[in-house]
Amino acid sequence: MDQLLVVLVDGINYAAWLFLSAVGLTLIYGVMKIVNVAHGSFYSLGAYVSATVVGLWFRYGFDPYLSYLALFIAALLAGFVVGPPIERFLLRYQYDKDEVVILLITYGLFLILEDVIKLIWGVDPYFVSEPYELLGNFEFASMTYPSYYILMVVLALLVGLTLMFVLKKTQFGRMLISVIHDREISSAMGINVGKIFILTFGAGCSLAALAGAFTAPTISVTPGLGVEVIVLSFAVVVTGGLGSMAGVALASIIMGLVRAFCIHFAPELELFVIFSVMALVLSFRPRGLFSLAESRKI
Amino acid sequence: MKFIQGLSVSLISTFIASSVFSQTAPVAPPEVRIGIVTFLSGPAASPFGVPARNAAELMIEQFNAGTAPAPYNQKGFGGSNIKMVLIDENGSSTSVVTEFRNLIQREKVDMVVGYISSGNCLAITPVAEELKTITLIFDCGTPRIFEEGKKDYVFRASNHATADSVGAALYLNSLKIKAKNYGGINQNYAWGQDSWKDFDGSMKVLFPGSSVTTSQMPKLFAGQYSGEISALLSSKSEVIHTSLWGGDLEAFILQSAPRGLYKSSSVILTTGETAMFRLANKIPDGTIIGARGPYGVLAPKSPLNDWFRASFTDRYNTAPNYTSYQMTQSIMSAKLAWEKAQAANNGARPTAEQVAAAMRGSTVEGPGGVHKFALSNGHQAVSETAYGRSKLVKGAMTLVDVKRFTAEQVMPPDGMKSEDWIAKGFKK
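Chains X and A, in that order, are what the protein sequence lines are.
So the number in my numbering is just where the residue sits in the first sequence, counting from 1, plus 1.
So the number in my numbering is just where the residue sits in the second sequence, counting from 1, plus 5.
Hints in this document: simulated from the structure, not taken from any laboratory.
Where hints are given, some of them may not hold.
Said to hold, decoys possible - In silico DSSO-like pairs for lysine-lysine, Cα to Cα no more than 27 Å straight-line:
#1 209/A / 345/A
#2 113/A / 137/A
#3 345/A / 155/A
#4 377/A / 119/X
#5 209/A / 137/A
#6 183/A / 287/A
#7 377/A / 432/A
#8 224/A / 119/X
#9 119/X / 345/A
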C-alpha cells in the first residue's frame, strides 16, 4: 500500500512539473495556432533569470522566504520583456504563411535564443538550491520528500485555476475564446486581435519561464536544458489536444502517474512510457483527449 | 623565336633560383591539422566539453611554442605547427557523423581527437575506418568500440567503462563493506547500460549472494529524478551505483541529498570528480567518488602532472578535471606517435598507417601517469584507476581513503571481452 502511495506522490509531483512546462505551449497554440519551438528557450530563460535573482537574493541577505515571490515575479517579467517584442516585430508578419514556415521560424528563434543565453550566462552551470532546501522535508508513506514538491503542486494548481478563471469569467477570456474560434469574425466584431496575440504570446512565454524558474532550484542550470522540455511539452500538448487547457492537465496527470508506476514496478519501460501513452491516446483519439471543435467555414 | 628564347631563359632562371633557394632555406613543413570534437553546447559542455576543449587548446599552444616538458618539447608535431579545427559534438548521431566526414573530407584534418558520448563514438568508428583517418577517442567509455571487430585507425588513450565499474566494486570490497544488495541509476544508452552491466557482474563476483534491488534507467538529460530517488529509497539498497554525468549527475545530487539517500546507502558516483568541487557542500561525507581513471585530484604525483595542473590553472583559473586529463593524454599520445612515425620515415611527413603503427602498443606517460596501448591489437590503452571518499574539510572538498587499482585489476586481458572476463571472476 505504501508503495502505491509513493507512486501517487511521485506521479502528482511529475504531473505538476509537466503541466507547468506545457501549459504555455498549448495557450499559444490555442490562440495563435503557432507551435512555438522557442518555448524551450523561454523555459531556459526563466531558469537562468531565476538563478541570477536567487543568487543575488541570498547574497544580499534578503528574507529567504520571499525568494519564492522573487522567482515568480522575475519569471513573469522575463517572459513579458522578451516574448511580446518577438511577437510584435517578427511573428506578426508571418501569420499569413504556412504553419510549417512559422514552426521553422520559431525553431530558428530557439537556436538564436539558446546562443543569446550562452552569450549572457556562459556555459558554466548555476546552482540555486536554497529555495529547494529552505522548506525542509515531510514524511509520507515511510518516505522523505522535500516540501518543495508541495510548492510545485500548489503552483501548478494556482496557474491552472487562474487560467481557467481568466478564460471563463473575464471579458478578456471571452475575447480570447472568440479569437480561438475565429479571428476574422472576432476582428469584425471589434476585438483587437493584435493586442490579444501579443498578450497571449507574452503570457505563454511567461508560463514557460515560470516553469523554468521553479525547476531551477532542483537542477544544474546549464545550456540546452530547454531541449528536453520542448519534446516533453509537445507530447503532453498533443496528447491533451492542441490548444486545450483541460487536455494538458489530464495528459500531465496520466503521464505523471504512468511514468511513476513504471519507475517503481518496471523501470526498463520508463524511457518510452510517455511517448507510449501519447501513441495510445492518438491511436484512439487522433486529435488528442480534448481537441477543440473547429467551425467549418463556407 | 625571341619569345620562346625569353620564356626558356625565364623558366631556367626560375628553376635555378628555386633550386638554390630550396638548398639554402628549408621549406617549412606543412601544418598538422587536428580535428578536436567535444561538447561546446548542451548540458555536457560545462562539465566535460569545455574543460576538454581548454586542455586541447592549452596543449596545442604549448606544443607549438615548444614549451612543454620532455618528451613533449619538440615544436608542434615533429616540427610542424599544429592547427586545431574545433567542432561541437552536440547534435544527433547523424549530424555528428556528417561533421566527422566534413572534418576529414572538407577540412582535410590529419587526425581527429574527440567524442564524449558513447553513442557518438559507436557512430563515427566505422566511418573513421572507412576514411582511413587516425581517430583518438578521448572520453567515451563503451567497451564495444573494440569488442565489435578489429580496428586499424581508431584508438582510445584511456580505460573504457569496465575499469570504472570494476574499480568501484573493488573499492567497496577493499573497504570491507558488507553489501548484501545494491541498486543503480544509470542513463539509458550505451554508457549507462554498459556501466551498470559491468558493475552488476563485478558485484556478483566480489559479493557472492548479493542481489539487485532496482536498476533505474532514466533517459539521458532527464533532469527530473524524484521518482527514481523514491524507488532507490524504497529499495533499501545498501549500495547505490551511478554513472550519471554532467548536469544529470548534478541534478541527481541536488535532488537526492536532501532526501537522505546518502544516509541509508553507500552511494558511488563513478564520474563524481567533475561535480565534487562545484557541489562540495551538497555531497555528503563518505560518498564514493571516481574520476574515470587516475585523473584530477586522483592523479599520481609527478613533475608532468604538476606542470599540467599549474599551466591549466594559470590559464583558466580553475583546476583541470578528468576530461581535461583524458584530452591531454590523447593529444600527447598522438604527438609521440606522429614524431616516432616521422623519425622512422626519415623525417618525412608520416602517413596515417605509419602513425597508427607507431601508436599501436605504445606506452605514454601523461599527467595521469603511465598509459599503455595494450588491448585490442594495441588500440585500447590501459592504466591504473583510483577511488576515494568525500570529506569536507574547512569548507573544501577532499578525498580520503583513496585506493588505487592496477590496470590488470580493472581492465580485461587482451582478446577477452569485458563481460566474459567479469563473468569468469576476473580470471584470464
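Hint-by-hint comparison with the structure:
1. 209/A / 345/A: violated (44 Å)
2. 113/A / 137/A: holds (12 Å)
3. 345/A / 155/A: holds (23 Å)
4. 377/A / 119/X: Between residue 377/A and residue 119/X the Cα gap is close to 39 Å, so the pair fails against 27 Å, i.e. violated.
5. 209/A / 137/A: violated (41 Å)
6. 183/A / 287/A: With Cα atoms ~26 Å apart, residue 183/A and residue 287/A stay inside 27 Å; holds.
7. 377/A / 432/A: Satisfied, since the Cα-Cα distance of roughly 20 Å is no more than 27 Å.
8. 224/A / 119/X: Holds, because 24 Å separates the two Cα atoms, which is no more than 27 Å.
9. 119/X / 345/A: Violated: residue 119/X and residue 345/A sit about 41 Å apart, past 27 Å.
Violated hints for the displayed structure, listed by number in ascending order: 1, 4, 5 and 9.
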